[in-house]
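Quick note, the sequences are listed as chains A and B, same order. In terms of the numbering used here, the first sequence is numbered consecutively and its last residue is 324. In terms of the numbering used here, the second sequence is numbered consecutively and its last residue is 255.
No lab work stands behind these hints, which were simulated from the structure alone. Beta carbons are placed, not taken as given, at the ideal position from N, Cα and C, and that holds for glycine.
If we take Cβ atoms under 7 Å as the criterion, some of the chain A residues that face chain B in the derived model are:
no.	residue
1	R105
2	G111
3	T114
4	E146
5	G147
6	A184
7	Q185
8	V186
9	I273
10	Q280
11	D298
12	D301
13	L315
Restricting the straight-line Cα-Cα distance to at most 30 Å, the calculated cross-link-like pairs of lysine-lysine (DSSO-like) are:
no.	chain 1	residue 1	chain 2	residue 2
14	B	K234	A	K310
15	B	K234	A	K217
16	A	K205	B	K234
17	B	K54	B	K70
18	A	K205	A	K283
One-letter residues, chain by chain:
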Amino acid sequence: MANILTLIELTHAGAVAASAKGLLAAAATLGTPIAVVASENELSPEVAGQLGLAGAAVIYQGIGAQAGSVLTGPAVEALEAAVAAYDPAAVLVANSVDGREVAARLSVRVGGATLNDAVSVRLDGGRIVSGHSIFGGAYDVESAVEGGLPIITVRQGAIDGVANEGGGAVELVTAALRGTVPGAQVAAVNDAPATSSRPELRTAKTVVSGGRGLGSKENFVLVEQLADALGAAIGASRAAVDAGYVDQHAQVGQTGVSVSPQLYIALGISGAIQHRAGMQTAKTIVAINKDGDSPIFDVADFGIVGDVFKVVPQLIEALAARNN
Amino acid sequence: MKIVVLIKQVPDTAEERTLVSATGWLDREAADNLVDEINERALEVALRVKDADKSTEIVVLSMGPEEVTKGIRKALSMGADSGIHVLDGGLAGSDAARTAAVLAAALRSTNADVIVAGNESTDGRGGVVPAMIAEHLGLPLVGGLNAVELGNGKVSGERSGDSGSLQVTAQLPAVITMTERSAEARFPNFKGILTAKRKPVTTLSLSDLNVAATPAHSVILTHSEKPAREAGRKIEDDGTAATQLAGYLIENRLV
Numbered sequence: 001m002a003n004i005l006t007l008i009e010l011t012h013a014g015a016v017a018a019s020a021k022g023l024l025a026a027a028a029t030l031g032t033p034i035a036v037v038a039s040e041n042e043l044s045p046e047v048a049g050q051l052g053l054a055g056a057a058v059i060y061q062g063i064g065a066q067a068g069s070v071l072t073g074p075a076v077e078a079l080e081a082a083v084a085a086y087d088p089a090a091v092l093v094a095n096s097v098d099g100r101e102v103a104a105r106l107s108v109r110v111g112g113a114t115l116n117d118a119v120s121v122r123l124d125g126g127r128i129v130s131g132h133s134i135f136g137g138a139y140d141v142e143s144a145v146e147g148g149l150p151i152i153t154v155r156q157g158a159i160d161g162v163a164n165e166g167g168g169a170v171e172l173v174t175a176a177l178r179g180t181v182p183g184a185q186v187a188a189v190n191d192a193p194a195t196s197s198r199p200e201l202r203t204a205k206t207v208v209s210g211g212r213g214l215g216s217k218e219n220f221v222l223v224e225q226l227a228d229a230l231g232a233a234i235g236a237s238r239a240a241v242d243a244g245y246v247d248q249h250a251q252v253g254q255t256g257v258s259v260s261p262q263l264y265i266a267l268g269i270s271g272a273i274q275h276r277a278g279m280q281t282a283k284t285i286v287a288i289n290k291d292g293d294s295p296i297f298d299v300a301d302f303g304i305v306g307d308v309f310k311v312v313p314q315l316i317e318a319l320a321a322r323n324n
Numbered sequence: 001m002k003i004v005v006l007i008k009q010v011p012d013t014a015e016e017r018t019l020v021s022a023t024g025w026l027d028r029e030a031a032d033n034l035v036d037e038i039n040e041r042a043l044e045v046a047l048r049v050k051d052a053d054k055s056t057e058i059v060v061l062s063m064g065p066e067e068v069t070k071g072i073r074k075a076l077s078m079g080a081d082s083g084i085h086v087l088d089g090g091l092a093g094s095d096a097a098r099t100a101a102v103l104a105a106a107l108r109s110t111n112a113d114v115i116v117a118g119n120e121s122t123d124g125r126g127g128v129v130p131a132m133i134a135e136h137l138g139l140p141l142v143g144g145l146n147a148v149e150l151g152n153g154k155v156s157g158e159r160s161g162d163s164g165s166l167q168v169t170a171q172l173p174a175v176i177t178m179t180e181r182s183a184e185a186r187f188p189n190f191k192g193i194l195t196a197k198r199k200p201v202t203t204l205s206l207s208d209l210n211v212a213a214t215p216a217h218s219v220i221l222t223h224s225e226k227p228a229r230e231a232g233r234k235i236e237d238d239g240t241a242a243t244q245l246a247g248y249l250i251e252n253r254l255v
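The task is simple: from the sequences and hints, build the whole structure.
Take a look at the structure:
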């Protein structure tokens, strides 16, 4: 079987990033998954074991002091060395802030090309083909690389599953990083705000989103109340983010996060085309908005023309009554 | 300081965007083509440097068909000093690898201290071209910045990652990319519009450039449009809408 490299990102605390499992699972459908990391210190047995359980047959660790202080360069170098050592059929990288910059630099270094933001990967008679969902899910496209190594950035949350359940036997290979890639220096790290108990927006089964119709930051609590009643993640339109009702991380749409949940509930969102581009692949869409002409109703499976401040509390009550 | 800002014309995100059925390439006729908003923010970063230090020179660089000139003129009317347009029929349908190699070739002779780009375009959303350019030019990439400071031979800024934000810094020359959280772009004023007409725009073809070979390229194998979503049930709230919705959610096992 062909070797498939996966770039495993580590958080600055040394934990395996959430994207790793999906990458290893995707790699296992194409060949033998090899996990590549760039790290300041050798991986702990716990982390190595975790990657083995997630399906890595080999862990290739590039070790160098700069991995803790230089942005993305060490990962490029580790992958470049692993490409030389394993002659892979593809390299899979998370479509994360770091991942795509690493993929881009690597493609120039090794004479490959990138396939960006893949939502699926498959083998088609020896060729590796990636699937993409573009313009907010309006088109499905399949792509491949000709004439060199395919370096595929995989949309986070799009591919899940476990490559090798119950496995864990893993070969560990260590190489020294020499610092051959120019990179920016990391001067300081600020942790993301403590993870909330709510599910992560990108991968949540249910999303409740609020828009400008909420009227104020204080009123946005209505979105939180319904989200908590449903165990849902919180989203928002760009208008709500721009108005300061909620943090930008919650923005769903063309320039925010794209979501494909089972259920998407839009509260006070008019549904500009840029917002619809980020949520119209949801399985079921519910919209509540005062303005019956809002374009959000064109894509809603269940639309209510009404006041969110009346309907939502009643809905929470009705759902609570059912749970009792 | 000399700053080159990369700009790209993209179909307006406020309109339906389509692919040309024969090639799977972007249909440039289907929607109005505009300078991508993220590029205008990148330009704003450069213009603020120039506001503080008039000796700053700002060049905008774009690759694309004839009508890209309009985008370059808009950037000039906002305050950029000159433009470079890479225009060559042989570039139609270029993938990211080819685009980056061509832009890097055009950048080599500019002697820029800073190359500013958006972190991703709204059409392709690949977010790979600036890093490819940085690799071609052997420069550090300071990518994904929400805020930036430029000066004294270095760049520093705040970058949001998946597990928090980082304070990052690099010596110039460097490539930097800005996110949508960076400074909002200014509008061209009347004087800007008038003076833009007199500012120089250089047109370069492939034969003017020494473009690095890109042996590999991405190809589109298949593409298909998904049927548009249809509207479902829509009710006016008469006091019972919430109960009806709860019933719908329960019936469809969505809660």
